[in-house]
Amino acid sequence: MSDSDRSGGNERDWPLFEVFIRARTGLHHRHCGSLHAADPEMALARARDVYTRRGEGTSIWVVASDRIFASDPADKDMLFEPAMSKVYRHPSFYDLPDDVENM
Amino acid sequence: MADALTAAYALRLGDDALILSHRLSEWVGHGPELEEDIALANTALDLLGQARLLLACAGEREGRGRDEDALAYGRDVLDFSNLLLVEQPNGDFAQTMMRQFLFDAYAVALWPRLSASRDEVLAGIAGKAAKEAAYHVEQSAAWVVRMGDGTEESHDRAQAGLDLLWPYAGEIFEADEVEAALAEKGIAVAPSALREHWQARVGPVLEEAGLAPPEGAGVRTGGRQGRHSEHLGHLLAEFQFMQRAYPGARW
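Chains as they are written, first to last, in the working numbering: chain P, 1 to 103; chain D, 1 to 251.
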């Protein structure tokens, strides 16, 4: 999908973009999907049309999928397994006040 | 008689939105890209929303008991008063986008000015439509530039669309006694007042796209008075079929 070759034909050669939407002010942008577009401007417009048709968003980010450098699923054990046994890293030894949201 | 005039004016604007909405809806399932398919449908739905409000307003002012559905489904070709531009066939994607751009450039000039209308209902509809038109014109202008300034084929297709549709653009600025009388009262926007704004929008985009209007092209008019091209009858045959065959049918 990161193929940036331009044949000039009618092939579906538009690059893939990942779409992030912020639902409300104060919240994070969240990944909500991906789409094909010729450039970032078009990706933004298409994201608006595809992902915010029912008033879901107040802000949109798009990023070319091939610009995301991702962890290798094969490295899962090496990267994440060691954290599983370190229970003391979780804030589970004291009570959270009810007023603290989004922890 | 102000109400009959306002009814006629609302009907003209409503018919523009309704017919163009239907044309765009013909693309659903056939768009060149999934995302573009959805975008075209969004624009079609925006226009349909405008059409419903305008036709409902027209029916009310007319005072003959016709609601939006009666006006949309119950009139014949000669009773439609849309611009010839909006009933022209989709052709290829370049032709559709060119038609859209020529119309959007008009809409984005019209609605903000009509939102200052002395008629509160029209002003309200215009205020809502202005936001939608502002987005539509950005998208259609972007496509005109993208295709005009794209490959040789996309340029040729965009230019062919412009050559075909340009003669219909002049009708946008035509006014008869309906617009003239209402503009005098501060209810309608005089179409002639929009020409300058339309040209200021269209000119730079065509230039950036490397496209040129056809030289010495005539102006094709008559839609406002019900004299339509052959295409509207075919469109209505499909659009109205269900209600004509099964009057009052509901989901």
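What the hints contain is simulated information worked out from the structure, not anything from laboratory work. C-beta: ideal position from N, C-alpha, C; glycine also. Keep in mind that the hints are not guaranteed to be accurate.
Quick look at which bits of chain D chain P covers, simulated, 3 or more residues with Cβ under 8 Å [unchecked claim]:
| # | region |
| --- | --- |
| 1 | 34-45 |
| 2 | 136-150 |
Across the chosen pairs, the derived CB separations fall in these ranges [claimed, not checked]:
| # | chain 1 | residue 1 | chain 2 | residue 2 | range |
| --- | --- | --- | --- | --- | --- |
| 3 | P | K76 | D | G203 | 55 to 61 Å |
| 4 | P | P40 | D | T151 | 37 to 43 Å |
| 5 | P | E41 | D | P89 | 26 to 32 Å |
| 6 | P | R30 | D | G29 | 35 to 41 Å |
These are the hints, each one checked on the structure:
no., hint, verdict
1, 34-45, "holds (count 6)"
2, 136-150, "holds (count 4)"
3, P:K76 - D:G203: 55 to 61 Å, "58 Å, holds"
4, P:P40 - D:T151: 37 to 43 Å, "20 Å, violated"
5, P:E41 - D:P89: 26 to 32 Å, "29 Å, holds"
6, P:R30 - D:G29: 35 to 41 Å, "30 Å, violated"
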